[in-house]
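> Listed below, chain by chain, are the residues.
Number of protein chains: 4
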Amino acid sequence: MLDSDKKQTLINRLKSIEGHVRGIERMVEEDAYCMDILKQVKAVQQALERVSALTLENHLNTCVTTAIRSEDDVEKTRVVTEIMDVFKATGKL
Amino acid sequence: MLDSDKKQTLINRLKSIEGHVRGIERMVEEDAYCMDILKQVKAVQQALERVSALTLENHLNTCVTTAIRSEDDVEKTRVVTEIMDVFKATGKL
Amino acid sequence: MLDSDKKQTLINRLKSIEGHVRGIERMVEEDAYCMDILKQVKAVQQALERVSALTLENHLNTCVTTAIRSEDDVEKTRVVTEIMDVFKATGKL
Amino acid sequence: MLDSDKKQTLINRLKSIEGHVRGIERMVEEDAYCMDILKQVKAVQQALERVSALTLENHLNTCVTTAIRSEDDVEKTRVVTEIMDVFKATGKL
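Chains as they are written, first to last, in the numbering used here: chain D, 1 to 93; chain Z, 1 to 93; chain C, 1 to 93; chain G, 1 to 93.
FYI, nobody ran anything at the bench for these hints, they're computed from the structure. Among the clues, some could well be false.
Since the list can't tell identical chains apart, any single copy or any two copies may satisfy a pair.
To be verified - Subject to a maximum C-alpha distance of 16 Å in a straight line, what follows is the list of computed EDC-like cross-link-like pairs (lysine to aspartate or glutamate):
hint, residue 1, residue 2
1, K7, D36
2, K7, E57
3, K6, E30
4, K6, E57
5, K7, D31
6, K15, E29
The whole structure should be built from the sequences, with the hints applied where relevant.
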């Protein structure tokens with residue numbers, strides 16, 4: 001679970017990403033140079049990486065900590081498998 | 001330069017990405033499970049990869065082809081350097 | 001800490017990666033087609049991803065579990081920061 | 001095709017990567033800390049990225065240039081498709 005500060009941070013970042021994507025739509029409409037479009041797509045990707053990092057960090061500090069402290073090995077295995085699945089699914093570790 | 005069909009394809013995909021990002025904002029507001037948020041962020045990243053792929057493919061088929069066919073080595077070096085810069089900047093080749 | 005089975009698995013995979021890299025050296029010496037070299041480099045990268053995945057999974061199941069179960073928040077912060085640093089450093093989450 | 005200078009550069013880098021991988025094998029044998037192993041694997045990945053970058057840059061400057069200058073659209077389509085396939089296959093653009 002995210003506390004209200006982190007929730008607000010994430011929502012602000014996502015709103016800014018949304019605006020950035022809308023900006024890329026305008027670039028496409030106005031025939032911007034392909035490489036400039038590509039650079040902006042990369043910038044959005046990096047902003048999304050930061051959203052993922054905040055979300056994962058929060059997850060480790062809350063749900064994963066609770067699951068591991070429960071001393072319940074089924075729970076521990078569940079959270080570890082879940083983390084590994086996300087990384088393996090995207091081939092990016 | 002993108003022809004009008006490819007322009008429309010890109011704009012449609014970007015609009016769908018925009019909606020997807022808005023959906024993630026709602027998930028955060030409604031206290032969704034962190035790992036579910038992370039999975040949706042990954043899905044948006046993959047959709048952006050496809051936008052990058054379409055843009056790069058078009059770039060190779062148009063601007064890069066024109067630059068290389070111009071037989072002007074300065075132009076050729078410029079387009080090759082530009083492609084390499086985009087990949088090196090993000091450490092993803 | 002890795003148990004002896006996982007140690008052997010990792011060492012076997014690393015030895016196979018070493019052989020694969022040597023194979024790419026031979027391809028370069030024998031003037032293989034650039035795209036074929038690139039494909040083999042990608043295959044090595046994917047094999048390394050699997051080594052990273054095994055290592056991270058083991059880390060979560062051993063050191064991270066011990067640190068979190070210690071109920072020592074300094075320790076917990078240390079392991080979480082360490083995991084986040086590895087991912088942020090490479091911009092790949 | 002790589003000229004002899006670039007060939008030597010690539011072979012030197014690949015030999016250094018091979019040595020680096022052997023170093024990681026020793027770390028595993030000597031029970032190094034998982035996160036230190038992970039950092040060295042990342043360093044090898046980055047060295048491989050540079051090998052890929054050199055290879056791709058050479059490919060664009062030689063084979064791709066020749067194919068595109070041939071004014072043969074089948075050839076042009078072949079090299080563009082080949083480049084796109086490598087990137088799509090690994091989901092890393």
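> Which numbered conditions among the earlier hints are violated in the structure presented, ordered from lowest to highest?
none
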